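So the sequences go chain by chain: A and B. The first sequence runs 10 to 686 under my numbering. The second sequence runs 69 to 141 under my numbering.
Simulated from the structure, these hints should not be mistaken for lab results. Note that the coordinates shown come from a computational prediction; the quantities given were computed from them, not determined experimentally. Please note that the accuracy of each hint is not assured.
[What the hints assert, rightly or not] Cross-link-like lysine to aspartate or glutamate pairs, in silico, EDC-like; alpha carbons within 16 Å at most:
#1 A:K512 x A:E157
#2 B:K84 x B:E73
#3 A:K131 x B:D123
#4 A:K167 x A:E57
#5 A:K200 x A:E247
#6 A:K284 x B:D123
#7 A:K516 x A:D382
#8 B:K84 x A:E252
#9 A:K203 x A:E214
#10 A:K215 x A:E183
#11 B:K84 x B:D112
#12 A:K175 x A:D90
#13 A:K134 x A:E274
#14 A:K290 x B:E76
#15 B:K84 x A:E255
#16 A:K215 x A:E232
#17 A:K180 x A:E157
#18 B:K84 x A:E262
#19 A:K175 x A:E214
#20 A:K516 x A:D155
#21 A:K290 x B:D112
#22 A:K246 x A:E232
#23 A:K243 x A:E232
#24 A:K200 x A:D155
#25 A:K134 x B:D123
#26 A:K512 x A:D155
#27 A:K203 x A:E247
#28 A:K133 x B:D123
#29 A:K284 x B:E76
#30 B:K79 x B:D137
[Stated by the list, open to error] What follows is a list of derived Cβ distance ranges for each label pair:
#31 B:Q83 x A:K200: 22 to 28 Å
#32 B:E76 x A:I475: 36 to 42 Å
#33 A:K200 x B:E76: 43 to 49 Å
#34 B:K131 x A:I248: 27 to 33 Å
#35 B:K131 x A:D428: 18 to 24 Å
#36 B:D137 x A:N212: 33 to 39 Å
#37 B:K131 x A:D209: 41 to 47 Å
#38 B:Q83 x A:N212: 32 to 38 Å
#39 B:D137 x A:K172: 41 to 47 Å
#40 B:M69 x A:I677: 51 to 57 Å
We put the CB at the ideal spot given by N, CA and C, even for glycine.
So you can see what is in the structure, the chains are spelled out below.
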Amino acid sequence: MRTIALLGQPNSGKSTLFNALTGSHQHVGNWPGKTVERAEGYFTFDEEVYRVVDLPGSYGLTANSAEEAVTRNFVEQGNADIVCIIVDASQLERSLYMLADFAGIERPVMLVLNMMDVAEQKGKKIDVQKIQSLLNIPVLGFTASDLEGYSKFFDTLKRAVEKPAKISSTKIREIALANVSDGRESSPILKLEKLLDYLDFGNREKFWIVSKLLENDSLVRSEVETAVTPEHWKQIKEILDAEGAEGGLLTGEAKYRFISETLREVALAGEKTVKLSRFDKMATHRIWGKFVAFFILVLTLAVSMMIAVPIIASCFGLQGVVGPFVNQACESLGLWPAVASFVNSVIVGGLAVTVAMMGFVFAILVTFGLMEDTGYLARSSYVFDSWLSRLGLHGKAFMPLVSGLACTGGAVCGTRVLDTRGQRLFAMVLLWSIPCGSKVAVVLFLASVFFGSAAPLFGVIYVALIFASFWISSKLFGNKLMPVNERVGMIMELPPYHKPHWKILLKTVCRNVWEVFKKAIVVIWSISLVFWLLSYSKDGLVAHSLLYHIGNFIEPFTQIFGMRWQLFISYLGGVFSKEASLGVMSVVFSSSTDAFSLIARNEAGANLGEMMRAAVSLPEALAFIFASMFNVPCVLTMGTTYRETHSLKWTAAIAGYYFAISLGLAFIVYHIALWVL
Amino acid sequence: MCLSELQENQKGLIQKINGDSRFVSRVVSMGLPPSSPFLVLQNDGRSPVLLYSHDTMIAINRKECMQIDVEMA
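Take the sequences, apply the hints, and build the full model.
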């Protein structure tokens, strides 16, 4: 088996290539011991299995972030048989920086000039053959989104396999040396090379090491420090300190000169006057741009929901249809009535809820895929960056955070648009506190039951508390997930607009929805089962269920938070879904009927309001309302968070954090209310 | 002068990038090493500056712009 590593800058079309090559033969997890997502897949060509590793996108090979370190280590340590560098042909000069930064790592390499179609539209003429002969490595010009053109890719791959070719840094070194104003001899490059003379760096040419030293790359620095004598390290450090950040400019400039000298003969740019399009003027406007972003988000979500709604609706109908059938079947087979209840509530109910929720996930993933694919996402990030950077987040987080208002669990999947795992995790932490439509409905319903016309006031307090929770979360998690010294103010590429690649987009979305479904159904079935077991009683009376006994047992503890056992159990029901907390309430307060059927059907008993007003005091109601605001959103959110973080630990940590916040808030509100009211 | 001092539609050349290695590496790898020509596409005095260089539209925060010395071309 051969391993191909895909190396490319963001927006180079790396993921498109990865998805097209591997299809459904993918595995996404974490890099061992790292909090960085690892995507790999397989394909077969010429009767040989190839493993494809999609390295995290980065603009260069200097390890400034966890993602970049992973990428860099992988290629540097020679873990790949072939490194496939993907560049954007329509922005060749800038994009080739990755190749120039790679030059000097002695591993077989092939170069893919992607998006040749866009380059042509821009009037660029690129002589692929000439680039190939100048660089002396296999080069391919193609369009990754054109699924018909992959035979060319395999041909090039074959050449790279049969005749491995490497790319040397000699030319870059010469350019860098020629660029020193007081003569070559004074160049820090020569001085450093001399000091490293007796060392062997395996896969890497000496100039590559020197250039990374000059760029202040922490990995190479510590590697060299341990390899040389303390005396030499002192001298090396003196040179590096004297250069400071200048060192990085020296090598950086040389790399770009190398690129432009290579391209001088092979690529003709159709020089056109560049202007911001009228749409871009709107989309990047300080004020209008924000409206445009809202409008586009709502519109695309609405359209994709239209596809999803029939699925969601039919799922909620499913139970009604299947239920009687299951009952009948169990009866005729002479099975326990409990079996029918189990099948209906847990198996069918859980399945219906999960499939219905996948409708939301689908809609959100299509929306985000479209925005990323067309290039619009970067514009929305541009206009919202100033708001989000206060929390340490990239402007890109805006879209997932706002879609949280539609569906928290779906939006958790949408955090994928963020570049680093830390940003992604932090966005998820924030998302859990952003209420979806049904959470808002439940909170306002409860507020209106107990406080009538004062209910809107709860809305205002809720919004204020959400922002307060953002602040607390950023204090608690911000620096751990997004170290301040790793944050760089926005320097972002706004990619040109593309037509969406529908086929690839929908395929990728469907595959992701399926992956999410597999994780979510397990979580939902397990939690349903627990709820079902707890609430089951032979005669259907709550007082005979386990729930009642446990509730009574823990009541002394839950009362600290102002919740008698009925309320606390309803609060736990809210972990299942927000509507479920109402369902549980109608059961525990009416002390009859099958509790679980109400949870699963998301029904609030008709006279729930009256019942609750009679049974619950105002301080208790306040405690419950505030606890509901920051309760764990729902099982789907837990399921998708687990799926996106690939970490039970983090999922549990976020859930624990929200239990603490919601119960803490209930505690404070309850005791103040007792004192005031 | 610094990058944000250029007006819309003015052309410039990057002269020097001030800051730590991390910042320099970021700017360089995004395609703006010294002596890169660029065109300012948008500079409204408050939002990040939008410029065009090496066939790419790049947005740079105003604070970061202060760290990039340019000359008019």
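These are the hints, each one checked on the structure:
| no. | hint | in the structure |
| --- | --- | --- |
| 1 | A:K512 x A:E157 | holds, 12 Å |
| 2 | B:K84 x B:E73 | holds, 15 Å |
| 3 | A:K131 x B:D123 | holds, 10 Å |
| 4 | A:K167 x A:E57 | holds, 11 Å |
| 5 | A:K200 x A:E247 | holds, 11 Å |
| 6 | A:K284 x B:D123 | holds, 12 Å |
| 7 | A:K516 x A:D382 | holds, 14 Å |
| 8 | B:K84 x A:E252 | holds, 14 Å |
| 9 | A:K203 x A:E214 | holds, 14 Å |
| 10 | A:K215 x A:E183 | holds, 13 Å |
| 11 | B:K84 x B:D112 | violated, 23 Å |
| 12 | A:K175 x A:D90 | holds, 11 Å |
| 13 | A:K134 x A:E274 | holds, 11 Å |
| 14 | A:K290 x B:E76 | holds, 12 Å |
| 15 | B:K84 x A:E255 | holds, 9 Å |
| 16 | A:K215 x A:E232 | holds, 13 Å |
| 17 | A:K180 x A:E157 | violated, 37 Å |
| 18 | B:K84 x A:E262 | holds, 11 Å |
| 19 | A:K175 x A:E214 | holds, 11 Å |
| 20 | A:K516 x A:D155 | holds, 14 Å |
| 21 | A:K290 x B:D112 | holds, 11 Å |
| 22 | A:K246 x A:E232 | holds, 13 Å |
| 23 | A:K243 x A:E232 | holds, 14 Å |
| 24 | A:K200 x A:D155 | violated, 49 Å |
| 25 | A:K134 x B:D123 | holds, 14 Å |
| 26 | A:K512 x A:D155 | holds, 10 Å |
| 27 | A:K203 x A:E247 | holds, 14 Å |
| 28 | A:K133 x B:D123 | holds, 11 Å |
| 29 | A:K284 x B:E76 | holds, 10 Å |
| 30 | B:K79 x B:D137 | holds, 13 Å |
| 31 | B:Q83 x A:K200: 22 to 28 Å | holds, 26 Å |
| 32 | B:E76 x A:I475: 36 to 42 Å | holds, 38 Å |
| 33 | A:K200 x B:E76: 43 to 49 Å | holds, 44 Å |
| 34 | B:K131 x A:I248: 27 to 33 Å | holds, 31 Å |
| 35 | B:K131 x A:D428: 18 to 24 Å | holds, 20 Å |
| 36 | B:D137 x A:N212: 33 to 39 Å | holds, 37 Å |
| 37 | B:K131 x A:D209: 41 to 47 Å | holds, 43 Å |
| 38 | B:Q83 x A:N212: 32 to 38 Å | holds, 36 Å |
| 39 | B:D137 x A:K172: 41 to 47 Å | holds, 46 Å |
| 40 | B:M69 x A:I677: 51 to 57 Å | holds, 54 Å |
Checked against the numbered hints above, the structure breaks hints 11, 17 and 24 and satisfies the rest.
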